[in-house]
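Colleague: Sequence:
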Amino acid sequence: MDEASGLRERKKRRTRQSLIEASLRLFHEKGYDETTIAEIAAAVDVSTRTFFSYFTSKEDVVFFDHETRAGRALKVIADRRPAEPVADLLLRLADETLRASILDSELTAELFPLRHRLVRSVPALRARGLHLLFDTQRRLAEALHQAYADEIDLVEAAAAVGAVAGAAHLATLISVDRDEPPDRAWEAGRRAVDITLHGLAALGRPAAPAAEG
Numbered sequence: 001m002d003e004a005s006g007l008r009e010r011k012k013r014r015t016r017q018s019l020i021e022a023s024l025r026l027f028h029e030k031g032y033d034e035t036t037i038a039e040i041a042a043a044v045d046v047s048t049r050t051f052f053s054y055f056t057s058k059e060d061v062v063f064f065d066h067e068t069r070a071g072r073a074l075k076v077i078a079d080r081r082p083a084e085p086v087a088d089l090l091l092r093l094a095d096e097t098l099r100a101s102i103l104d105s106e107l108t109a110e111l112f113p114l115r116h117r118l119v120r121s122v123p124a125l126r127a128r129g130l131h132l133l134f135d136t137q138r139r140l141a142e143a144l145h146q147a148y149a150d151e152i153d154l155v156e157a158a159a160a161v162g163a164v165a166g167a168a169h170l171a172t173l174i175s176v177d178r179d180e181p182p183d184r185a186w187e188a189g190r191r192a193v194d195i196t197l198h199g200l201a202a203l204g205r206p207a208a209p210a211a212e213g
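Each step along the sequence shown adds one to the number in the UniProt record's numbering, with nothing skipped, and position 175 is 175.
One or more hints might be untrue.
Unchecked claim - No farther apart than 27 Å at their CA atoms in a straight line, the calculated lysine-lysine pairs in the DSSO-like style are these:
1) K11 with K58
2) K75 with K30
3) K12 with K58
As the list claims (entries may be wrong) - Restraint-style ranges between C-beta atoms, simulated for each label pair:
4) L103 with S5: 27 to 33 Å
5) L154 with R81: 34 to 40 Å
6) G166 with R8: 18 to 24 Å
7) R120 with S18: 37 to 43 Å
8) A149 with A42: 51 to 57 Å
If you're looking for bench data, these hints aren't it; they were derived computationally from the structure.
The beta carbon of each residue, even a glycine, is placed where N, CA and C say it ideally should be.
Please construct the entire structure, taking both the sequences and the accompanying hints into account.
Modeller: Okay, structure coming up:
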């Protein structure tokens, strides 16, 4: 990449980031439904056409990093280590997911909790968030089953992904509701995963023989 191309890419990244930050602040200050795309564009001093070159809608801005985070999670499963137990892979998967959504978030410590509260308080965003959450969990369950096709079936894979993801998600939401910083939210999610995995450690291993009566 030459210098001019690199400069254009950096400018595009800055514009995208500015649109994300301006959107979340305006949604918080004015309300999600009351904020227009024209107002978001004006706050960043760009045209609405420029806005649509980065995002398809206001919802798209709120969930700007969803597909990137999902891709990182799926890659963990695709890169399964030789002979790696299911529970160990789930732990690595949870670590990557929490890191991508909290510690490596493109949002500042100020905007991180604003987005969480916004998604919970706006019905349209709550519905979109749940749709994306369940769709991603389905994709992860299918990938986990394929990675361990000889050990677990799709129902077991779905149960494992749902348990780990649900525990981590709820624990981080509670932490955010307590106004705790991102690193504490990560710790809460990680602790919830540890608790859950204690009950999943035997997944994929032969069942113990039934005791003779």
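Colleague: Sort out which numbered hints this structure fails and list those numbers smallest first.
Modeller: Structure breaks hints 2, 5, 6, 7.
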